[in-house]
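Here is how the chains run, residue by residue.
Number of protein chains: 2
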Amino acid sequence: MISLAHGAGGELMEKLIEEHISQRFPQHRGEVTLSDLDDSSVIDGIFFTTDTYTVAPIFFGKKDIGTLAISGTVNDLLATGAEPLALSLGLVIEEGFPITDLDRVMTSVSATAEKGEVQIITGDTKVVERGGVKNMIINTSGIGRRSPLLDGNFDVVKKFRGFKSDYLLDSNVKPGDQIILSGPIADHGIAIISYREGYGFESDVESDCAPLNGIVNSALRVGGIVDMKDPTRGGIANCLNEISRRSKVSLIINEDRVPLNNPTKAACDMLGLDPLEIGNEGKMILCVVKEKAEEVLSAIRKTENGKKASIIGMAEKGNKVIMETKTGGKRIIDKPYGDPIPRIC
Amino acid sequence: MISLAHGAGGELMEKLIEEHISQRFPQHRGEVTLSDLDDSSVIDGIFFTTDTYTVAPIFFGKKDIGTLAISGTVNDLLATGAEPLALSLGLVIEEGFPITDLDRVMTSVSATAEKGEVQIITGDTKVVERGGVKNMIINTSGIGRRSPLLDGNFDVVKKFRGFKSDYLLDSNVKPGDQIILSGPIADHGIAIISYREGYGFESDVESDCAPLNGIVNSALRVGGIVDMKDPTRGGIANCLNEISRRSKVSLIINEDRVPLNNPTKAACDMLGLDPLEIGNEGKMILCVVKEKAEEVLSAIRKTENGKKASIIGMAEKGNKVIMETKTGGKRIIDKPYGDPIPRIC
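First to last, the protein sequences are chains F and L. Going by the numbering used here, the first sequence opens with residue 42, and the numbers climb by one from there. Going by the numbering used here, the second sequence opens with residue 42, and the numbers climb by one from there.
Mixed in with the good hints there might be a few duds.
For identical chains, the list gives no copy identity; a pair is met inside one copy or between any two copies.
Taking lysine to aspartate or glutamate pairs in the EDC-like style, the calculated list, with each CA pair at most 20 angstroms apart, reads [said to hold, decoys possible]:
{"#": "1", "residue 1": "205", "residue 2": "59"}
{"#": "2", "residue 1": "56", "residue 2": "142"}
{"#": "3", "residue 1": "200", "residue 2": "155"}
{"#": "4", "residue 1": "56", "residue 2": "135"}
{"#": "5", "residue 1": "56", "residue 2": "144"}
{"#": "6", "residue 1": "205", "residue 2": "52"}
{"#": "7", "residue 1": "199", "residue 2": "136"}
{"#": "8", "residue 1": "175", "residue 2": "135"}
It is worth saying that the hints were derived from the structure and are not from the lab.
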């Protein structure tokens, strides 16, 4: 039987997808395929990605499921090296949903698409009976073209590494590469539960969900980026483990350098949650050749969503994600098994 | 408030989409845009379409939501003139869903994708708590390239019509064009309700859902097709009205010539349903220059899913869909307002 943990972005989900879904679809053609399980796939030069958003509640502070759906899919395109071209918008709406709420979500969709420099070009709307879904579910799929900045970026990679890649892939990281995180973690997940009934805690934490075109493009302009990945479900714990496994490297992370806002830290402490495992929707992890890491960091810090970016660690030989703690110890960061907060995306 | 009728593919849904959704997304670039509301959109030569499938029950006879999801999206690509290239697969699964059922659906997805000559290249899996969805919802988005058969097809159109088009658009139809329907109507909707609890009728009707590559390609090889459209939600009543409105023509349909299987007719009579308004998932309406209509018909009839194809009528000057009845009368076929059977797709 499928359990909530199967949808959590952790180890159990990976197993479900590999054993019951992706292995059934051998891909005969394509530059980046389903079995790569990267942020987007690529076929005939077209980047393609999909995400269904089941976040509950659908409104959270100044943002909502519309902000989230556009941000998440734009970021998946960006993370593979695409220039986003167009999105689809598939709505499933519960009977009785207020049209004013639909208007509010569509206003967010429209504003976020403008920020993400992408057009909505096709859509589908389904209405189901009460209880068929809760309020609304949105699927956004996205297509893109290879970013014109990639060639210059990989020229820099080649200069320092002696080889090029065609895409920003989770299998591209080599020992010595530096790991940049674009800002504080766990705000999205904590914001979502703070708006959920029954949790009974008030919080000023705001979801980070935003399209990251500014961060990605400024980093690519400097050059030397080998991989990007947005740490959504399963948090940076999951994201770093996926990079480690696909690139066959260890990632050594310095706890002191992982940005974490105080109210979010307080909420995590109170709820007994590990911020490393909490999902983000407006953050990017960038793996950079070490010679360019400081320059990329300073470019990212000049962007709207990257002011608190930090070099959080580096890749070494090995096959683990290791946290050097504030107290001088070391601990292994595993891929989360389940997820402490379901339905945050 | 959103009502079930808003999702029915009829007049109310069109109004909702135009007033609250599509008008918010002005498309600045693209060959076929969101505001065209055709089966797929086209940007920079890439065809793109999306559909979320909320069918209940998810298993219906030998077919299921997996067969449906792949067929529907492949057919939307085909209907605009694309050669399907790749699909995404977005699953939302209810906690407690049996893994054996997931395997059964994925087997259908895989088999139908093979028939539809398309690869699944990207996906997303969400699990929601019990009651968050009913069993499973699938979104499939699709991308395609302009079919290499379109140029030859439109050379034939040009020969008889004096002009070409780049795509198979609902606005391309001119007085004199013949309307071909690829087979009997209403089987899908009737099959779905026959498997629904509470209806208490036994039926041998099987859903028609299937990818229509064979029909479409054999028709395009003959040439002279100006438009195709798959009559899903709202049935052929809705589909013909959309063509009539976008092409600014009347469509005169001969009731005698509309194929309808006897068990489906019997079920419609019993349930008081108009088969013209019931959704299909393996049928295509093709609008053809009259000089090539018979030849296209005979090519379609040689294909697996087109054996009962029929020329059901023709376009004339005007702005209505008119049915010439078996008794010699005429009646106007309106766009359905709501939908007698929700959640059939």
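For each hint, the structure was consulted:
In this assembly of identical chains, the alpha carbons of residue 205 and residue 59 never lie at most 20 angstroms apart, being 29 angstroms within a copy and 47 angstroms across copies at closest. Proximity of residue 56 to residue 142 under the C-alpha cut-off of 20 angstroms is restricted to the inter-copy arrangement: shortest distance 17 angstroms between copies versus 37 angstroms within a copy. Taking CA atoms no more than 20 angstroms apart as the test, residue 200 paired with residue 155 passes in neither setting, with 35 angstroms inside one copy and 43 angstroms between copies. In this assembly of identical chains, residue 56 and residue 135 lie within 20 angstroms of each other by CA distance solely across copies; the values are 18 angstroms between and 31 angstroms within a copy.
For a Cα distance limit of 20 angstroms, the shortest separation of residue 56 from residue 144 across copies, 14 angstroms, qualifies, whereas the shortest one inside one copy, 39 angstroms, does not. Taking CA atoms no more than 20 angstroms apart as the test, residue 205 paired with residue 52 passes in neither setting, with 31 angstroms inside one copy and 54 angstroms between copies. For the identical chains of this complex, residue 199 and residue 136 are neighbours neither inside a copy (55 angstroms) nor across copies (47 angstroms), given an alpha-carbon limit of 20 angstroms. Proximity of residue 175 to residue 135 under the C-alpha cut-off of 20 angstroms is found in both arrangements, the shortest distances being 6 angstroms within a copy and 12 angstroms between copies.
Figure legend: structure checked against the earlier numbered hints; hints not met, in rising order: 1, 3, 6 and 7.
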